[in-house]
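Asks: Chain by chain, the residues:
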Amino acid sequence: MSRQTIYFDHNATTALCPEARQAMLPFFEGEFGNPSSYHHLGRKARASLQASRYGLADIFNCGPGEVVFTSGGTEANNMALRGAAAALRRRGRHIIVSAIEHHSVLKTAEALAASGYDVTFAPVDDQGVVDPQRVAAATRPDTILISVMSANNETGALQPVHELGKLSRRQGIVFHTDAVQAFGKIDLGTVFEWADLVTLASHKIYGPAGAGALLVRNGTPLASVITGGHHERGLRGGTENIAAIAGFAAASLQAVAGLDEKAARIGSLRDRFEARLLEDISGICINSRDARRVHNTSNICFEGVESESVLLHLDLLGICASAGSACTTGEPGPSHVLRAMGLSNMQAQGALRFSLGRSTTAEEVDTVAAALAGIVEKLRSLSSL
Amino acid sequence: MQSEDTDEHCPEDLSADEPAPGEQPPEEPVLFYNETVIDHFTSPRNVGEIDNPDGFALVGDPACGDQMKLWIRVEGGYILDIKFKSFGCPGAIATSSMATMLAMGMHIDDARLLTDDDVVRALGGIPANKEHCSLMGVGALHAAIRDYEQRSSKKL
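In order, the protein sequence lines correspond to chains W and P.
Quick note: the first sequence uses our numbering, first residue 1463, plus one each step.
Quick note: the second sequence uses our numbering, first residue 5, plus one each step.
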């Protein structure tokens, strides 16, 4: 059976863009130098690393020294939380993170809590948005760090990070934002006006997996988490993944080029998708519908069906989407994000995430919407509820 | 005060999955489930309800994931008809479908002896982390038989 893949899972990862691929090729074809080496191969690698660093710095209007390359978003989040907590432990032990953070923040916060830090998990409203006043009320004289993501990976809901960042800065609290899902979707050119630490990941913006960055605003206290070398200002020991970093930098340029037009195009496809579903399928609910959301993400609860069953039917049709829960992903129980928004276990059980991207077409949107209508009808007809 | 040097993270035993020397890595199937499971998932057998059943069971908890309803019609100790409905994952749907197929036409004394393993074997296996789903079909069958027996003892 020949079939075409329809990829509606861009929040999970993206296809490598040609510009990133092109930027990486030299390093697979002879330019294998270690940027720390003295000789000409080393210097070439060093030059590439510098170019990547300056490229990122340009995009975020920061200094090149404020760009710390990592292996990806998870490492950057670990570096931010563990590094800031360690650097500031004499000042205080209290950390605030939102309840809907990615697990690389949540689990790290839990680990810090287990090692003597005091962690507050800030709640969200029914739209999946953090209330800045609740965060403000949770701050204490010994609060050292607040970490709230810019956009949620499951619902796409944008968080009040400007406000939270400014609130933090007024109180001398370090503010970290996981901007992995926001980069390339909203303008982050002035991110240091409100954030001190910013997490980025390459493979969500059509770059290769294995690269990411933590932007570290000058003067932000941060202890080294991965010790070993002088690399990355001593913050991250280890020979740099030059190829992936070059790909990341090239993809970053593409991510911000014509951002508004891309966002408008993909956003209108997302709206078309949701309109179709609302028209064709009863008993559905669009999560974070009333929140400001990134343009590509649609998180939908289908009443009376279980998400993995929908996912498998889609997969058999060549359609890639993702479920907020499902033991298939190794994460037991329903999505912590949807639960934090007050959805019942059963509602969260029927939630699916569709994340559109550059390659998405109107035809694909219509195909997936029609497929979903059929699948949901079929599953409901055999549902015991 | 808590010591900061305590182990905050103990990784699971990594040697458990370690392959023997020379062993090839297991091949990851393109499909998570095998073809028989997919077949029973996409075309589940014996879906529906039975009016005035001789036995009925409701098992599982939708809030925890899966729920299943199962109806049987029994004559002379034999299961002459069996139908189910399920709110659940592909594993739950496929195992329920297979359980009803195995039980159809069986004497209740034999049906009572059906196990989860029988269902999983008939399906050619299901992924390890999905094995708990197979409990439901057989559990519902056994519960429906118990219900049938209670109803018939009341009639006597």
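Hints may be right or wrong, so weigh each one.
If you only want the chain P side, here are some residues facing chain W, beta carbon under 8 Å, derived [what the hints assert, rightly or not]: (1) 45; (2) 49; (3) 51; (4) 69; (5) 71; (6) 91; (7) 97; (8) 147.
No lab work stands behind these hints, which were simulated from the structure alone.
This one's a predicted model, so the numbers in the text were calculated from it and none came from an experiment.
Just so you know, even glycine gets a beta-carbon here, dropped at the ideal spot from N, CA and C.
Asks: Please write out, lowest number first, the hints stated earlier that are contradicted by the structure.
Replies: Those not satisfied are hints 2 and 8.
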